[in-house]
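J.: Here is how the chains run, residue by residue.
2 protein chains.
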Amino acid sequence: MCELLGMSANVPTDICFSFAGLIERGGKTGPHRDGWGISFYEGKGTREFKDPCSSCDSKIAELLKYFPIKSCIVISHIRKANRGRICLENTHPFTRELWGCNWTYAHNGQLKGIKKWDTPHFKPIGTTDSEHAFCWILSQIKERFPKPPKSEKTLWRFVNKLASQVSELGVFNMMLSDSKVFYTHCSTKLVWISRRAPFGKARLVDNDMTIDFSQHTTENDIVTVFATAPLTSDETWQKMEKGDFLVFKLGEQVYSS
Amino acid sequence: MCELLGMSANVPTDICFSFAGLIERGGKTGPHRDGWGISFYEGKGTREFKDPCSSCDSKIAELLKYFPIKSCIVISHIRKANRGRICLENTHPFTRELWGCNWTYAHNGQLKGIKKWDTPHFKPIGTTDSEHAFCWILSQIKERFPKPPKSEKTLWRFVNKLASQVSELGVFNMMLSDSKVFYTHCSTKLVWISRRAPFGKARLVDNDMTIDFSQHTTENDIVTVFATAPLTSDETWQKMEKGDFLVFKLGEQVYSS
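Chains as they are written, first to last, in our numbering: chain A, 1 to 257; chain B, 1 to 257.
If you're looking for bench data, these hints aren't it; they were derived computationally from the structure. Certain hints may be false.
Which copy? The list can't say, so a pair holds if one copy fits it or any two copies do.
As the list claims (entries may be wrong) - Pairs of lysine-lysine, DSBU-like flavour, derived with a Cα cap of 35 Å:
#1 K249 / K150
#2 K112 / K189
#3 K115 / K150
#4 K239 / K28
#5 K161 / K59
#6 K123 / K180
#7 K80 / K239
#8 K189 / K249
#9 K112 / K44
#10 K142 / K239
#11 K161 / K180
A quick note: this is a predicted structure, and the numbers were derived from the prediction, not measured.
Just chain A, same shape as in the assembly (with noise of 0.2 Å):
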């Protein structure tokens, strides 16, 4: 299994803390040592972070622990492998570009029988379930909507019903964002935070480092983490239940079903 980062916020906001935390699980404080990912949106644009090694010893995750690179919407995983061997092409998150736009995405979990369904308009490049899934939830997308619907309910309600049809196949805990809002389905583990004005401290669960965010924010900021377990130890996080699907956009929940 995987462990799983998310970020939503209205104002650019780096991950560092959080990132310092999840990184330790990719070796140290957690088996995950098959390879981690990390994307950032700024605008349209992402920037994206890979490496098929374990995250607790790699000298890219180590710079981006310190470097704050500021965002409002990031994706991240760390891998411990159970399909597709290690290599980076099975690294997340993926990335495809539709309508214009960059989609992001990764996930936790096993899908039995996937690759039986077909993706005619991605391919997978590597070999996990994981990335045939997102080709088949980006294929159904654009063959129902050739361009984007004019309502974005429309495509958040599509994506829900996707997301559902995936998890039948198994365990699906999954973060996508199409650079406008973020998505996330449950189906074993998922927790979320949203940090508001009064900001306080917190601590890591995972190594020593604590946080005060009042030093970091502004009292209009709001900042939302996602991950498949929870960060702080001094915090109270939200539980998604089996199949909760919510979208952020700018920090806020704007959907749940």
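Given the coordinates of chain A, assemble chain B onto it according to the supplied hints.
T.: What follows is chain B alone, placed relative to chain A:
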């Protein structure tokens, strides 16, 4: 205008030395301070690093100067913006998936009227003429070959034809890879050098660095480097002429026109 750097090699090779020369041109020895990017192929996967700031001031570029990522195909670009504002989505190289392969592309030059050309299968994310040309080329390939053609030469000839068509709109110095081979088209300036045994020493044009390639290679290595202008002062670079189109595979030239 911009500067390009590319590599095709028969063994995974790092490009630290050439990259160290290139990034000096991003603000120090050259005026290309409007962003930089580099893509490394590792098998079917790619690692991409981008920054919409000047490469000579970039922390990530500094890391890559000394962090030997080994690859058989590399494409890099430093930008002096002319069309499209300075932002991440306008930063080269650009990538798209076709046939389950990562295609990577970077361009130097301007193309007048390219935005009127239809790109049915791939849409630009940013606003550069360069990315539009890339989406047009890939759309044409997908339209002509919904599946990869059996003969690779058929594909190379078709890419050659498309590159010639695009170059009629202006200046089209271009580097492209489909993860298998390295394509390059010259309008005004492109040079290349194939290094093989016996390996010698070389000195960068743009800073004081020298290297003894024999310390870093075995006698079977073939490493071909492409750039908009020679990166070393004591080697003989081959100059491409207007309209030249070359394909390299594992460091060796396999097609020319």
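J.: All the hints need checking, so say for each whether the structure fits it.
T.: For each hint, the structure was consulted:
Taking identical chains as interchangeable, the C-alpha atoms of K249 and K150 lie at most 35 Å apart only when both belong to the same chain, with a minimum of 17 Å there against 45 Å between chains. Only within a single protomer do K112 and K189 lie at most 35 Å apart by alpha-carbon distance; the minimum there is 18 Å, versus 52 Å between protomers. Proximity of K115 and K150 under a CA criterion of 35 Å is satisfied in both settings, with 31 Å inside one chain copy and 24 Å between copies. When the C-alpha separation of K239 and K28 is checked against a cutoff of 35 Å, the pair qualifies only within one copy, where the shortest distance is 25 Å, while the shortest distance between copies is 51 Å.
Taking the shortest alpha-carbon separations for K161 and K59, neither the intra-copy value of 40 Å nor the inter-copy value of 42 Å comes in at or below 35 Å. For the identical chains of this complex, K123 and K180 are neighbours both inside a copy (23 Å) and across copies (17 Å), given an alpha-carbon limit of 35 Å. Within a single copy, K80 and K239 get their C-alpha atoms as close as 23 Å, which meets the 35 Å cut-off; across copies the closest is 48 Å, which misses it. Taking the closest pair of Cα atoms, K189 and K249 come within 35 Å of each other only inside a single copy of the chain (21 Å); across copies the shortest separation is 45 Å, beyond that limit.
Taking the shortest alpha-carbon separations for K112 and K44, both the intra-copy value of 33 Å and the inter-copy value of 24 Å come in at or below 35 Å. Taking identical chains as interchangeable, the C-alpha atoms of K142 and K239 lie at most 35 Å apart only when both belong to the same chain, with a minimum of 32 Å there against 44 Å between chains. In the homo-oligomer, the alpha carbons of K161 and K180 lie at most 35 Å apart inside one protomer (19 Å), although the nearest pairing across protomers, at 37 Å, exceeds that limit.
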